[in-house]
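Q: Chain by chain, the residues:
Protein chains: 2
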Amino acid sequence: MSDNKNDFVKEITNIEDDFAQWYTDIVRKAELADYTPVKGFIAIRPYGFAIWENIQKYADEKFKEHGVENLSMPLLIPESLLNKEKDHVEGFAPEVAWVTIGGGNKLEEKLCIRPTSETIFDTMYSKWLSSWRDLPYKYNQWCSVVRWEKETRPFLRSREFLWQEGHTIHETAEEAKNFTQEMLNVYQDIFENLLAIPALKGQKTETEKFAGAEATYTVEALMLDGRALQGGTSHYFGQNFTKPFDVKFQNREGKQEYAYQTSWGISTRMIGAVIMVHGDNRGLKLPPKVAPIQVAIVPVAANKPGVIEKATQIYEDLNKKFRVKLDTREQYTPGFKFNYWEMKGVPVRLEIGPRDIENGQCVLVRRDTLEKITVKLDNLEEEIQSLLEKIQNNMFKMAEELRNRKTSVALNMDEFIEKINSNQGYIKTMWCGDPECEEKIHELTGAKSRCIPFEQEKISDTCVCCGKKADKMVVWGRQY
Amino acid sequence: MSDNKNDFVKEITNIEDDFAQWYTDIVRKAELADYTPVKGFIAIRPYGFAIWENIQKYADEKFKEHGVENLSMPLLIPESLLNKEKDHVEGFAPEVAWVTIGGGNKLEEKLCIRPTSETIFDTMYSKWLSSWRDLPYKYNQWCSVVRWEKETRPFLRSREFLWQEGHTIHETAEEAKNFTQEMLNVYQDIFENLLAIPALKGQKTETEKFAGAEATYTVEALMLDGRALQGGTSHYFGQNFTKPFDVKFQNREGKQEYAYQTSWGISTRMIGAVIMVHGDNRGLKLPPKVAPIQVAIVPVAANKPGVIEKATQIYEDLNKKFRVKLDTREQYTPGFKFNYWEMKGVPVRLEIGPRDIENGQCVLVRRDTLEKITVKLDNLEEEIQSLLEKIQNNMFKMAEELRNRKTSVALNMDEFIEKINSNQGYIKTMWCGDPECEEKIHELTGAKSRCIPFEQEKISDTCVCCGKKADKMVVWGRQY
Chain A
1 MSDNKNDFVK
11 EITNIEDDFA
21 QWYTDIVRKA
31 ELADYTPVKG
41 FIAIRPYGFA
51 IWENIQKYAD
61 EKFKEHGVEN
71 LSMPLLIPES
81 LLNKEKDHVE
91 GFAPEVAWVT
101 IGGGNKLEEK
111 LCIRPTSETI
121 FDTMYSKWLS
131 SWRDLPYKYN
141 QWCSVVRWEK
151 ETRPFLRSRE
161 FLWQEGHTIH
171 ETAEEAKNFT
181 QEMLNVYQDI
191 FENLLAIPAL
201 KGQKTETEKF
211 AGAEATYTVE
221 ALMLDGRALQ
231 GGTSHYFGQN
241 FTKPFDVKFQ
251 NREGKQEYAY
261 QTSWGISTRM
271 IGAVIMVHGD
281 NRGLKLPPKV
291 APIQVAIVPV
301 AANKPGVIEK
311 ATQIYEDLNK
321 KFRVKLDTRE
331 QYTPGFKFNY
341 WEMKGVPVRL
351 EIGPRDIENG
361 QCVLVRRDTL
371 EKITVKLDNL
381 EEEIQSLLEK
391 IQNNMFKMAE
401 ELRNRKTSVA
411 LNMDEFIEKI
421 NSNQGYIKTM
431 WCGDPECEEK
441 IHELTGAKSR
451 CIPFEQEKIS
461 DTCVCCGKKA
471 DKMVVWGRQY
Chain B
1001 MSDNKNDFVK
1011 EITNIEDDFA
1021 QWYTDIVRKA
1031 ELADYTPVKG
1041 FIAIRPYGFA
1051 IWENIQKYAD
1061 EKFKEHGVEN
1071 LSMPLLIPES
1081 LLNKEKDHVE
1091 GFAPEVAWVT
1101 IGGGNKLEEK
1111 LCIRPTSETI
1121 FDTMYSKWLS
1131 SWRDLPYKYN
1141 QWCSVVRWEK
1151 ETRPFLRSRE
1161 FLWQEGHTIH
1171 ETAEEAKNFT
1181 QEMLNVYQDI
1191 FENLLAIPAL
1201 KGQKTETEKF
1211 AGAEATYTVE
1221 ALMLDGRALQ
1231 GGTSHYFGQN
1241 FTKPFDVKFQ
1251 NREGKQEYAY
1261 QTSWGISTRM
1271 IGAVIMVHGD
1281 NRGLKLPPKV
1291 APIQVAIVPV
1301 AANKPGVIEK
1311 ATQIYEDLNK
1321 KFRVKLDTRE
1331 QYTPGFKFNY
1341 WEMKGVPVRL
1351 EIGPRDIENG
1361 QCVLVRRDTL
1371 EKITVKLDNL
1381 EEEIQSLLEK
1391 IQNNMFKMAE
1401 ELRNRKTSVA
1411 LNMDEFIEKI
1421 NSNQGYIKTM
1431 WCGDPECEEK
1441 IHELTGAKSR
1451 CIPFEQEKIS
1461 DTCVCCGKKA
1471 DKMVVWGRQY
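Chains as they are written, first to last, in my numbering: chain A, 1 to 480; chain B, 1001 to 1480.
Just chain A, same shape as in the assembly:
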């Protein structure tokens, strides 16, 4: 293991000096994404996109286990449809992109690029639905959406982002509500088991809920710098959309009834979370399950007879079971390659040179702890399998420790301010439920409510802000 970072890796800003610049450096140096000529629109490069493909594959299988089917709805939505649900249009109209010219002609009605697709799903659902026997519809699409954000950062907040949007309708309110929880649990599963990030599950406050929803549920994650990130949301709409869009069915009693609706989404912002939860001064650090490359093989003294041959043989064996890269680039030294693959966040580096070959062994280096392990080539596959599992578990544990270290309790506003300024992170408090207190807390601390966690604790009897009686525990944090 080299302790000197070479020039290549030096180009990454120290995490302690400037977190935002460190983040941007990783995005660009690890070739995850790049800026394009259109402000706020990024190009996701193959290495970043392969992370997204792994997330998609995992999530899509889970969705399908819950009976979800994929489809494709149109990219463009007429203004009149967007306007049908009052809260929704107020929430989204200010940040949409409008198509006004098509095929050389000014359009009679302008069309927005979907910022989200409730309005178009409900339009089609109203055409398709007739009986309770047709229900539920559990449909999803993987696509991109456009929201004209003012401030943008790659993956975290961009004017176009890739996501999945699931839209379901159900026969009863209860079934729909249950489904929002099922999907929220899938999101928690993705965060914890795939991305090795602890997820805080709860309900959004009225102020923070989705425009047009009855209730919004969320999984929240905490970044290395103590800022929070909304990771995925699942909304219950009741009949808020199905009424204006006339999505109704003949129920079991033979009467017309409006369907009960949900929607739920996760996006490429998850890639931002992976960077900001696990990364360090050497660069990216990827959990094995989501890493596009799980093992990078670096031959040492590659010009010596037999080294490349042996490395190639190992590559071919391992590649049947893992995602493996063999780095035979002649223009770089092994030391450069060690740093390079660390920077790219590959969980395990495999070094093999002439002496290793003589001894029937190789060296494995863990990206999470930088520990070096010499292993026999005989049972290499088992060693790597077990090491990848260890790394996955250890990365979750480290992220959990970070989250715990950066979670504070506050009984009053002085404590709140002191703790968020000294320790950033999550602040747990009691809250009376008044949006005015929420607003005041935001003004005083810059923190917003993350959620009302499902797992409640009784911290005190009084609101952290106004001191009145309070029975809800809320977690707050400054956010991305």
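Read the hints as simulated data drawn from the structure, not as lab findings. For every residue, glycine included, the Cβ atom is placed at its ideal position computed from N, Cα and C. Among these hints, one or two may not hold up.
[What the hints assert, rightly or not] In silico SDA-like pairs for lysine to any residue, Cα to Cα no more than 20 Å straight-line: (1) K127/A to K1039/B; (2) K337/A to S1131/B; (3) K64/A to R1323/B; (4) K1086/B to G104/A.
[To be verified] A few chain A residues that don't get close to chain B, going by computed Cβ distances all over 12 Å: (5) I42; (6) K86; (7) R133; (8) E182; (9) E383; (10) V409; (11) E418; (12) E455.
Here the structure of chain A is known, so what remains is to put chain B in place on it, guided by the hints.
A: Relative to the frame of chain A, chain B by itself:
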């Protein structure tokens, strides 16, 4: 097997009466797609989208075997970028959709929704490329594009369509040219082995090639009504884009050189081809390899004891290996369900009733031949496996016979006109290479050149149109 079509299936127009209406009926009745409030934009419903997912999976694996990596480029392209390559902008500018307002403000420069992404790929390639060691870039994206077509038809020609667009750059012209052929061969593989449609491979004429390309290669397919469909294209650009976009690298001699480029795409129009090559008056007919449901199980006398249980057990056994649907809907008769699954194009229907159970057997009905086969439950899995293979092969054979039956040779224009009017289909002729003859043939017959096939035959020495010396054989056809 029921010979009477019930009301449900009667809603499909007879293929002989009105081919276009038959097509639209299938698209809608089989729930493949539906119209939306935005003209020319369709919603692809889950059953149609599942066909696309099967195509995607097959194609994506093949691409990756050829070293292709996926990424994501922005949806919007600034006008100035689109304008950089002269032929390209002339080809595409008239049919794009323009975004002129974003976030409530008029944009300084209008942005088009990508009609294709050569211009944005080249912009990014020029940022990323520096040395011959970086090459090749073999990148692809699965996305949707928008082209403001005047006449639209679901899957065949819509203002938005889903596709993949691969864009590669190479160190040498030869390598790039070879890669266009590799991808064309993948397309042929998809058409023939997945979709059971014979593909005609060849080069487009100058008139028909892609705007901005040096050469366009194509796979063409012939529909039931004798019209041709361009199935997939692969373009060689030379340095046509890399020069204006400054995509250059230091070559092995240390000099700056512009890269050599390709692009290649297939789209959801393939679903249209599957409908129009294989369908019949009963509805859709899907090749087993691409069918979302390969076996539909219909219990007969489902109210008799043990029938549902046995059907469920068969479902669970088969579902491990095949894509299976068990139809337990109580509101429909078995007869209705037989027609329903025929209409949906499911390759094999499995009927099981009390007497079958007594005899340890069930009935399999082939969608391609409507043949009924009684088989023992003991080796059901093997029977179905072999039957699905037989159906796949037979459907290809039937499509090949159609193609052969509808291919004619013409030595002069009288023959050409007579044959295309009587038999529609492909017309093989010699052609002198003059675009004026091509134009005249189009005027006289409505047929366009499909391609100059790679497999040439010497039909005569003279051009079918002008009678001058000709050494190219061209296949012509009226097109979708």
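Q: Would the non-interface assignment of V409/A survive a Cβ cutoff of 12 Å against chain B?
A: 39 Å, holds
Q: Just want to verify: I42/A was marked as not at the interface with chain B; is every Cβ pair farther apart than 12 Å?
A: Non-interface label on I42/A violated, nearest chain B Cβ at 7 Å vs cutoff 12 Å.
Q: So is K86/A really clear of chain B, every C-beta pair being over 12 Å apart?
A: 18 Å, holds
Q: Is the claim that E383/A lies outside the interface with chain B correct, judged by CB distances over 12 Å?
A: Holds, because the least Cβ-Cβ distance between E383/A and chain B comes to about 27 Å, which exceeds 12 Å.
Q: Checking one constraint from the list: CA of K64/A to CA of R1323/B, max 20 Å. Satisfied?
A: With Cα atoms ~13 Å apart, K64/A and R1323/B stay inside 20 Å; holds.
Q: Please confirm whether R133/A is truly not at the interface, meaning its C-beta sits more than 12 Å away from all C-beta atoms of chain B.
A: 7 Å, violated
Q: Quick one: work out the minimum CB distance from E418/A to chain B and report holds if it exceeds 12 Å, violated otherwise.
A: At about 38 Å from chain B, E418/A clears the 12 Å cut-off, so the statement holds.
Q: Grab the minimum beta-carbon distance between E182/A and chain B and tell me whether it stays above 12 Å.
A: Given a closest Cβ separation of 19 Å, the condition holds.
Q: Starting from K127/A, check that the Cα of K1039/B is at most 20 Å away, please.
A: 16 Å, holds
Q: Sort out whether G104/A lies within 20 Å of K1086/B, counting only the CA atoms.
A: 18 Å, holds
Q: Starting from K337/A, check that the Cα of S1131/B is at most 20 Å away, please.
A: Roughly 18 Å between the alpha carbons, so the hint for K337/A and S1131/B holds.
Q: Hey, is E455/A genuinely clear of chain B, shortest beta carbon separation above 12 Å?
A: Holds, because the least Cβ-Cβ distance between E455/A and chain B comes to about 36 Å, which exceeds 12 Å.
Comparing the model with each numbered hint stated earlier shows that hints 5 and 7 do not hold.
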